[in-house]
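**Student:** Chains as they are written, first to last, in our numbering: chain A, 1 to 464; chain B, 1001 to 1216; chain C, 2001 to 2494.
No wet-lab data here; the hints were simulated from the structure.
One or more of the hints may lead you astray.
What the hints assert, rightly or not - One-sided and incomplete, this derived list gives chain A residues near chain B with beta-carbon spacing under 7 Å:
1. S118
2. A122
3. A124
4. S127
5. N131
6. R147
7. G154
8. G190
9. P203
10. A435
11. G439
12. D441
13. V443
14. R447
Said to hold, decoys possible - Label-pair distances were calculated between CB atoms; the ranges are:
15. C:P2460 to A:D259: 52 to 60 Å
16. A:A167 to B:E1156: 44 to 52 Å
17. B:V1136 to A:A124: 35 to 43 Å
Stated by the list, open to error - Far from chain C, by Cβ distances over 10 Å, these chain B residues were calculated:
18. L1067
19. E1099
20. A1137
21. A1150
22. E1156
23. A1159
24. A1184
25. F1205
Note that the Cβ used here is the ideal one computed from N, Cα and C, for glycine as well.
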Amino acid sequence: MRLLSVLVVVTATGVLPSALFAPAALAKPVGPRLACAHYPDAPMCRGAVVACTQCHTAPPELNSYGSDVFAALEAGNLVYEDDLGTALLNVEGDDSDGDGLTNLEEILLGTRPGDASSFFSAPAPPSGAPNPGFDVGTYDEAFAFRRLLIDYCGRSPTFEEREAFAAAIDQRALRHAALDACLTSSYWTGEGLPRLADKRIRPLQAINIDGVIPLADYGWDYRLFVHALTGDRDARDLLLATYHIDAAGLVVEGVITGDGDDQVGGQPALVDKRAGMITTQWFLMVHTMFSELPRTTAAQAYRAYLGQDIARSEGLLPVEGEPKDIDDKGVDDQETCIYCHATLDPLSYAFAHYNGIGDSGGIGAYNANRPSWQPSEVEAVLLDVPLGDTAAAGVTQWAQIAANSPQFRQNLASMFLTHALGRAPLPDELDDLQALAEGFDDVDDHRAVRLLHRLIDTNAFGVP
Amino acid sequence: MLVVALAAAGCPELSPAGDVDSGVPDDVIDSGVADEVDAGPPPPPFAISTRNRLAWKRQRALENDLLIALALEKADLCNELGLYSCIDFVHLVPLGGNEPFSRSQYEPLPSPTVTTPIALDRVALSACRARVDQDVAGVPVVFASLDFDAAAVDAEAAAAAIDGLGKRLLGRALTPGEVEEFAALTIDDDGAAVSPRDFAVLSCFAIATMSETIFY
Amino acid sequence: MKRILKSSRRSLLQGMGSALAVAGASSLISTRAARAQVPVDRKFLFVIAATGGGSIIDSFLPIVDSESPNGATIVAFPNQLVAQPNGSNLRCVHSPFPIELGGFNIVGHLLPFLQRHGSDVAVMTQECTSVNHLIAQKRSLTGAGINGGRTLLEAAAMAHGNGLLMPAVNMCESGYLEPGDDVSVPDSARAVAVADALLFAFATDGVRGLQNLPQRSLIDRARRIRNRVDDDSVFGITFRDAPLRRSFIDARTRLAPTMEANDLITKLTMVANVPGSIPLDDFDLSSSPDGEKVRAAFPSLTSDPFEAQGALAFLLARHGVSCAVALSPSFNPLLDDGLKNTPLAFDFSHTNHTLTQYAMWSRVLRCADGLITLLKGQDVDDDDPAQGKMWNRSLVYIATDFGRDKTRPANSFEFGSGHHLNNGNILISPLLNGNRVYGGVDVNTALTFGFDPVTGIAAPGSLMREGEVYSAVAHALGIDFDGRVDMPCMVKNA
Chain A
1 MRLLSVLVVV
11 TATGVLPSAL
21 FAPAALAKPV
31 GPRLACAHYP
41 DAPMCRGAVV
51 ACTQCHTAPP
61 ELNSYGSDVF
71 AALEAGNLVY
81 EDDLGTALLN
91 VEGDDSDGDG
101 LTNLEEILLG
111 TRPGDASSFF
121 SAPAPPSGAP
131 NPGFDVGTYD
141 EAFAFRRLLI
151 DYCGRSPTFE
161 EREAFAAAID
171 QRALRHAALD
181 ACLTSSYWTG
191 EGLPRLADKR
201 IRPLQAINID
211 GVIPLADYGW
221 DYRLFVHALT
231 GDRDARDLLL
241 ATYHIDAAGL
251 VVEGVITGDG
261 DDQVGGQPAL
271 VDKRAGMITT
281 QWFLMVHTMF
291 SELPRTTAAQ
301 AYRAYLGQDI
311 ARSEGLLPVE
321 GEPKDIDDKG
331 VDDQETCIYC
341 HATLDPLSYA
351 FAHYNGIGDS
361 GGIGAYNANR
371 PSWQPSEVEA
381 VLLDVPLGDT
391 AAAGVTQWAQ
401 IAANSPQFRQ
411 NLASMFLTHA
421 LGRAPLPDEL
431 DDLQALAEGF
441 DDVDDHRAVR
451 LLHRLIDTNA
461 FGVP
Chain B
1001 MLVVALAAAG
1011 CPELSPAGDV
1021 DSGVPDDVID
1031 SGVADEVDAG
1041 PPPPPFAIST
1051 RNRLAWKRQR
1061 ALENDLLIAL
1071 ALEKADLCNE
1081 LGLYSCIDFV
1091 HLVPLGGNEP
1101 FSRSQYEPLP
1111 SPTVTTPIAL
1121 DRVALSACRA
1131 RVDQDVAGVP
1141 VVFASLDFDA
1151 AAVDAEAAAA
1161 AIDGLGKRLL
1171 GRALTPGEVE
1181 EFAALTIDDD
1191 GAAVSPRDFA
1201 VLSCFAIATM
1211 SETIFY
Chain C
2001 MKRILKSSRR
2011 SLLQGMGSAL
2021 AVAGASSLIS
2031 TRAARAQVPV
2041 DRKFLFVIAA
2051 TGGGSIIDSF
2061 LPIVDSESPN
2071 GATIVAFPNQ
2081 LVAQPNGSNL
2091 RCVHSPFPIE
2101 LGGFNIVGHL
2111 LPFLQRHGSD
2121 VAVMTQECTS
2131 VNHLIAQKRS
2141 LTGAGINGGR
2151 TLLEAAAMAH
2161 GNGLLMPAVN
2171 MCESGYLEPG
2181 DDVSVPDSAR
2191 AVAVADALLF
2201 AFATDGVRGL
2211 QNLPQRSLID
2221 RARRIRNRVD
2231 DDSVFGITFR
2241 DAPLRRSFID
2251 ARTRLAPTME
2261 ANDLITKLTM
2271 VANVPGSIPL
2281 DDFDLSSSPD
2291 GEKVRAAFPS
2301 LTSDPFEAQG
2311 ALAFLLARHG
2321 VSCAVALSPS
2331 FNPLLDDGLK
2341 NTPLAFDFSH
2351 TNHTLTQYAM
2361 WSRVLRCADG
2371 LITLLKGQDV
2381 DDDDPAQGKM
2391 WNRSLVYIAT
2401 DFGRDKTRPA
2411 NSFEFGSGHH
2421 LNNGNILISP
2431 LLNGNRVYGG
2441 VDVNTALTFG
2451 FDPVTGIAAP
2461 GSLMREGEVY
2471 SAVAHALGID
2481 FDGRVDMPCM
2491 VKNA
């Protein structure tokens, strides 16, 4: 309980930390949108807007590709906002970073044309006598069988299981049956999925010590994460759930009362103001803390569930007239701040109506009157969509837009494919990723389990 | 290229180890000077992977595989100083795990570290010793072919034990050549017989730490 | 969510805590193997990251409020909270009376540090180029790309790490842990990430400390046979070019045997034998011959991961394993007989600027003090004392993300601060012309300004950037590269 006193005794006047404050600016934050308008089907624009690092080492410094693009703009006396596409076209045949691939080749592959360390050459087809153990270069059923058991059951197949698999007439059917069993295993629900949740929940032992919960209980978060991604459930509940899962695994509707005035250990947010993982008591406590405008909270929601990390100059969709610096933190003062905050601050307004630490009504409770500004002074925006009256609706509209966005399904597909492969997909695996993401709505009906069944059939997963 | 890369970080400051066959010439290990001559590996006898995209089997799957293969309980596995779990604590990170709660490690390392092979050796040695101890003390589960009271291991018993270990630890039948290689563990470097207990630990350890046990 | 680690972790720490009381004769046993001669020009870099934004005007470049017409509203201190050791050109924030943060005492360590090491301290002003934690942290180690994206650790490893087992080791978090962007840096010079300094020694020997095993010679024979079968197996042949497997095989066949042959499991074991809780003796293990002195320098190493990092940094350098080591306090709070680490480290300044800065600067400098004290007492070569002490070849660079806001509510000491580009760094080394501030601070605005790199004369209106800080470190350590901004004013004998 001592930590609580540390956090509460001191007067809170600052915003929370974070990875949020902006990198230096070149004042061209429209660049990502323009680039993706020119290359809408390029991997860099799938379920995202291209990161600033496409043209910058880190803004405002240009990388070699960015330098060439700007040189092309100058050479052609072109106007950035109107003619960027022309400049991009003019440097397509160049190899700005000297890695042996033209800029256009890199854009189509999904590597970075201004980074010599980012390149790709497709592997040659295997040659030679037949391999006695692996179907190299083609989908290998046995290889995939072992991989799925390790990935989703947390163990290798036994000798007997391998023998039975080798003898099976329909190996694909056996693979999918094995996957079904794995996805209900204690490994997947107790270890595999929780480890995928770690960086999204960001637990801190010291704020949840040995069963003593001084501020909030992240156990609710882990359980909801696992629940939404297992069984015949809509994975969008990560952002849309209005319920919680108790320690017994049962769905709990309604407000969950916690201890004391702070409602510690409960889930005090009103049901109609809930948005799954991003309105839990833990999420709001650990990210909002004392911030009147909880930028860290919004940025983590954007990063964890839409795959857009503003700290890495990703997902920048600046809003005209922003940042307003509504909480007087000087983010409109420095050119370096404006660059990210024009996107970040509009993302954050909706979260200002939920308590962090020290607000009346309990940690994480919805509180329409929490911010000092009037609702009419700001306009919340996510992915270019205005969110309306966030004082009345909280972040529910934020979550609706997010859960049905290409970014959400891309992020989910990427999370699972990266986990399965133990690394990010390579350029020749991006089509698999794209197919997984695009099929999430219609083919999978938003079920993570169904997406995983498609995943284990991909070449990325099964070709040794 | 491999030889050059290895030599670039040679270690003249520390006494190099010369007693383990590394597969690269000793002078490369010792000198710390790049060997510019690289004949490259011999041509493979069959088509090999050109994608080469293996994944790293992380600590929990490693643990589960050892528990299943050797019919052990979790408590039987490696504990440093007899107290601190190798897999869950001491060697968690080099074995591919992460500790989000107390160390803020929200993601595991992407690839093995320089200490991963040692951590694997420790975990495998402990597990194998535990299995052998239990087989010696009670009804043998894994090493039924061995007579632990004998002074040496006969060839047939050794082959049976090795074959069983291959199936348990690798999930496959070892080739005759592999069985023969591992059967050399029935003797020491001087040709003297190794005790059945030691042979059991050594053969188990050698097979349990093959690279195919932690990559897939 | 059940956490399976916590009970064993706590019991270990409790057990090891009691070890301090009995640290004694067993730690004096020398098992050190003969070492090859240390190259005469080898130098050592230690980066201590002030995670979260350590402000220079809250440490060694404070403003006394009476010195400024805006003293009430810029970040400044009353005269009694600024101290200057006798004979020193430097001064620091120092509270002569006990202060608390959230009910916990803060034991200041800025003044003791200056008193002990002030002659080697160079305060270098700078203004960084990002107020984003991740980006700023990485730039503090790459000099914002001035050396092709190579981090200082990588550059030091390439310049001074030839022949070392792990030339660079990184125990930091977040952006400080990221590798550089220079693809020409060989893997051997990339920093090895170490997550748990306290127990790292156990990961340097595959056999020692395990009981009832066959003789080591038999295990080595099994390893040889395994390696051969592995390479000749269908799996080994099929994936012989797989990068993951290749690096694993390299570590197994080359690095691991070298670690074992050099008994690093002993040399790096910083804890003492304690029957019952740390029974090293029962497992044929022993504490490092340097164990007693590292425990004296870092008395809380068993319960404080940052102190364990400091101890391991010394042991790695002292035993010829590494020449460049980075360490940092965690973003996690640490409650250990007091608040040792604020939540979010320096970034808790968002909530309480003044006390967070004082507490965390004290924490960072206490660790630096321990490390420097050890280096000052250690011969470079035990067999050739004429080569001098390790400290004579060392540089400690206290990196940080960025500065903090320069203003405050009138006369307030309880306020939160945001991120600010303007700041400065602390470099400590006998290789530098120390006891000096390079640059200065405008008392009207609390903004720092730069200096002439040749003469060292302060130059209001100018700014030093990350690249200049990188250059100063590189220049002092004899690391050359195209584009280096030489700092003859800072570097001795330059």
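**Student:** Hints broken by the structure, by number, lowest first?
**Tutor:** 1, 2, 8, 10, 11, 12, 13, 14, 16, 17, 19, 24 and 25
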